[in-house]
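**Student:** Next come the chains, spelled out residue by residue.
There are 2 protein chains.
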Amino acid sequence: MDPVMRDFVIGGAGFIGSHLTGRLLQAGRGVTVFDNLSTGKRSFLRPYEGHPGFRFVRGDVLSLRALRSAMKGCGFVYHLAANADIMRAMKDPGLDFYQGVVATFYVLEAMRGLGLKPLVYFSGSGVYGDYGLRSIPEDAGPLRPQSMYGAAKLSSEAMISAYSHLYGIRAWIFRPANIIGPRPTHGVIYDFIRKLKRDPRRLAVLGDGSQSKSYLHVEDLLDAVFLAVRRARAPVNAFNVGSRTSVTVREIARVVAREMGLRRVRFDFGRGARGWKGDIPKVRLDIRRLSRLGWSPRLNSREAVVRCCREILGCEDRG
Amino acid sequence: MDPVMRDFVIGGAGFIGSHLTGRLLQAGRGVTVFDNLSTGKRSFLRPYEGHPGFRFVRGDVLSLRALRSAMKGCGFVYHLAANADIMRAMKDPGLDFYQGVVATFYVLEAMRGLGLKPLVYFSGSGVYGDYGLRSIPEDAGPLRPQSMYGAAKLSSEAMISAYSHLYGIRAWIFRPANIIGPRPTHGVIYDFIRKLKRDPRRLAVLGDGSQSKSYLHVEDLLDAVFLAVRRARAPVNAFNVGSRTSVTVREIARVVAREMGLRRVRFDFGRGARGWKGDIPKVRLDIRRLSRLGWSPRLNSREAVVRCCREILGCEDRG
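As you go down the protein sequences, you meet chains Z and V in turn.
The first sequence begins at 1 in our numbering and counts up one residue at a time.
The second sequence begins at 1 in our numbering and counts up one residue at a time.
FYI, nobody ran anything at the bench for these hints, they're computed from the structure.
Possibly wrong hints are sitting among the right ones.
[Stated by the list, open to error] As a list, the in silico EDC-like pairs of lysine to aspartate or glutamate whose alpha-carbon atoms are at most 16 Å apart:
| hint | chain 1 | residue 1 | chain 2 | residue 2 |
| --- | --- | --- | --- | --- |
| 1 | V | 91 | Z | 109 |
| 2 | V | 41 | V | 60 |
| 3 | Z | 91 | V | 199 |
| 4 | Z | 41 | Z | 60 |
| 5 | V | 72 | V | 109 |
| 6 | Z | 195 | Z | 259 |
Sequences and hints are given; from them, build the entire structure.
**Tutor:** Structure (C-alpha cells):
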C-alpha cells in the first residue's frame, strides 16, 4: 500500500467516522482508524475488518505520543474525535475542553511533527451561536457559541487557521447540521427509539418539541466532503452542510412512533424552546457555498429522518 | 475591606496589568494581583506596595488550585495573562496554547467553582486575521487568526461566550490595537530603544517598515475599559480599542531615534511586509462601538508613540 494513499481517521469507529471509513476503502484508499472506543464501537467497523487496506489502532487522541506514532506514514487526516455526551458536558465543561480543544491541538501538533498537511475537520453549527431563523453563511459574525461543544469547535477552527498560516496545514472544515443514519451513537432519533423500546406507551421529549433544525443523511454529508476536498483549494475552506429544509422535534417524535408501528404513544413534552442548556433551538444554515460547488442533498430533512428510522430499526431487527 | 469590592487581576504585574492595578486602587478598590512573574515584574507594582488595599500573590494560572485559592473572596476578575514571547511562540505553538487557551479555561473554571460572574478579558485584534486596510467592526466574520496568539484569543472568547450562556458569566472583552506606555515588557518601541542603547549607529527593523497599525496609550485603553464596564450591560460585550490613526514601523523608528537624540542611525529594514510570521501587517479597527458609549482616545497614534518614547526614556534615565 502506497503510504501517501493511506488516510488517518480519528474517531473512525464513531457514527460518521465508520461511514467515512467505508467510503474511503470503497474508493481504494488505505485507512487507519484511530479511536479510543469511548463512543465509537469496534462493531461499527466489522464490515471493513477483512479489507486489505484497513487498519485499526485503539488509542486516545489525548496521548500525543500514541497519536503521532499511529499517524506516521499516513497522508490525509480526518479528525472526527469529540465528546458525544452532551448531558454530562453540561455539568463538566472539561469534557469538551479536553476532548475538543486539547484533542485538536494534539492532532495539529502530531501533523506538524510529521509534516502532514491536509486535514478534514468536522466542526459544527454550534460555532455560530443563536442566529434564530436567520440563514447563516459561513462568513457570519459575531461567533457566540452557547455550549462548550460549540466553543470547542470554534477553538479548534481558530487553531487550524493559525496552523494553516504558520505551518502550511491545508484544511477543509465542515459545519454540519444534524447528521443521521445507521449506526448512531447519540442524537434525537436514536434516543427516541431507545426510549420507545423501553416504554412503547409514552415518550418524554426534551424541550417543548418546537426545536427546528435541518437533518442530513450521513451519505449526503460524505458526498459533500469528498466533493469539497476535490474542488475547494484555499488554505482553509469552511462549509456549512445541511439541507434547505428543516423538521421539528415534535415531527420527529411522530415519525419515529409511526415507523415503530406504535399508535397510542403519549408524548410528554418538556418546557422551554431548548432541548438542553446550550442547545440552539432553531438553526438555518446557508448552504450556497457548497451548492456552488455542485452539491445538493439527495434527501430533505423529513426524508432523511424517515430513512434513518428505517435503517436503525432494520439493523436492530437483524441483530 | 469589603470582599465584594476586591478585584482580581491575573497578569497584574505585567505592562497593562500594573497600570490597571494602579487605576483600580486609585478608584478605591481592593486589588489582588495574581502573577507568575514570567513576563511581569514585581518592580512594576512597587508604587502600590504600601497601599492598604493591595495584595500580591505569586502564582501560575496553569495551577487551577492556586488560582482558585487566590481568587476566593474577590468579586471582579480581570484576565490579562498571556504569553508575551512572540518569537519563541512561532517555534512552539504550545506556548500560546497553554498560556492562552488552557489559562482561560482555568480562569473560567475557577470563577465557576467560586460563583464569580464578572470578567474583563483582554483579547486582541489577532482574532480577526488579515482584513488588510478594511475597517474591522467587532461583528466581522470570518475570523481567521494567522498566529497562535490570535487563535488563543479567539478560543478564549469562544469559551467565555459558552460560560456566559451556561453559567451566567458576564464579560467585557477588549480587542486592543498596540498598547504602549511606561513599563513595557515587549513591543516595537521597547525593542527599538533597547537595540539603539546597545548600538546607537544602526537599527535592525523586522519587516520592511511598512507595517501600519494603530497605537494607543495605556491610559486611553483603561479609560475605555472602565467606561465600557459601566455602560455596556449585555451578557458578553466585545470592543475594539484603538485610535482612528495609524503609524508605520518606519515612522516609529524615526521617532525613537529622534527622541533618543540620535541623528545618524542607519536603519536596516528587513524584507517582506510582515514583522514575523503570523504578524498582521496592516490593521484598521472600527471603534464606533466604543465611540457610541462616549469614548475617544486622547492621543492619536503618533502622539502616543512620542509620549511613550519619552516616558520610557524618562523612567530609564531616572533609574
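**Student:** If you test the structure against every hint from before, which numbers come out violated?
**Tutor:** 3
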